[in-house]
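To convert, note that position 41 of the sequence shown is 41 in my numbering; the numbers rise steadily by one, no gaps.
Hint data in this document are derived by calculation from the structure and do not stem from the laboratory. For glycine and all other residues, C-beta sits at the position ideal for the given N, C-alpha and C. There may be inaccurate statements among the hints.
Said to hold, decoys possible - Simulated restraints, written as ranges between beta carbons of each label pair:
1) W234 x E178: 42 to 50 Å
2) G95 x S236: 40 to 48 Å
3) F254 x G59: 37 to 45 Å
4) F168 x G68: 52 to 60 Å
5) G145 x G68: 53 to 61 Å
6) H114 x Q191: 22 to 30 Å
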Amino acid sequence: MMIITDLKKSGFPLSVILVLLISLVLSKDADAQHKNRDAVYLKSGSVIIGNVIQNDSLGVIKISNVCGIWLYNIQDVDSVGVISNAQTSVLKQSGYYNLSSIGLMFGEGANGYHPFASLTTVNGWQFGQRVFTGIGLGYEFYEWGVMPVFADIKYFFHQDVVTPFVSFKAGYSFPLSESKNNSDFYTQYGQRYGGVLVNPEVGLLIPVGSSNAVLIGIGYQYQELSNNETQYNWYSYEKRVYTNYNRISLRLSFLIR
């Protein structure tokens, strides 16, 4: 017999989430405006920092920096923007990165509205300035502890004082204990099973130091878990109970490159 049990979605107000995201975006430091420099983002993934001295209808962009004057055909340019001096040192073109995160997951569970901790680490490779992909694992707790193993992809928008991003994580969580080893008057709890994990997220990247950064993200996390139960009444029978967890995730991450 199969029984599917759905816990309610988190009661965390969506309006609070929207206000939080908007306030983070609007909290850019206005004093950094005079420190900004031009950035030419090439389709090859390179980023040229300096002062744009020509950007006309002839299809030519000319930028000057300490290395000289650079001339590019507009067809080779992805976009032109501005970037603060504090960020010029973190414009790594490609390479290995580690992203370690601590977070809280908010939602209604068997014990009411209690946030639970989430600890994850991702090792991956960045492609240019915008695409980061990696494989991660961690520890999370629902009715029991699980180890999520997942693929993670992040897309970063134009560099600025802070950089917005979108992220998607998907994988499978493995139970860290085999069974509950307990029972009540009518039920014996048995084998535990893992399940699918999905976590879309949005957030902001804030540069720190010469090449690292802090990421603040908020998202929705779905986790499916299940376990066997043996019911004792007029007769005994075993069933598998599926539980779908819906959580609001709030994460603080540290990017090392």
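Verification of the hints:
no., hint, verdict
1, W234 x E178: 42 to 50 Å, "29 Å, violated"
2, G95 x S236: 40 to 48 Å, "58 Å, violated"
3, F254 x G59: 37 to 45 Å, "42 Å, holds"
4, F168 x G68: 52 to 60 Å, "40 Å, violated"
5, G145 x G68: 53 to 61 Å, "57 Å, holds"
6, H114 x Q191: 22 to 30 Å, "25 Å, holds"
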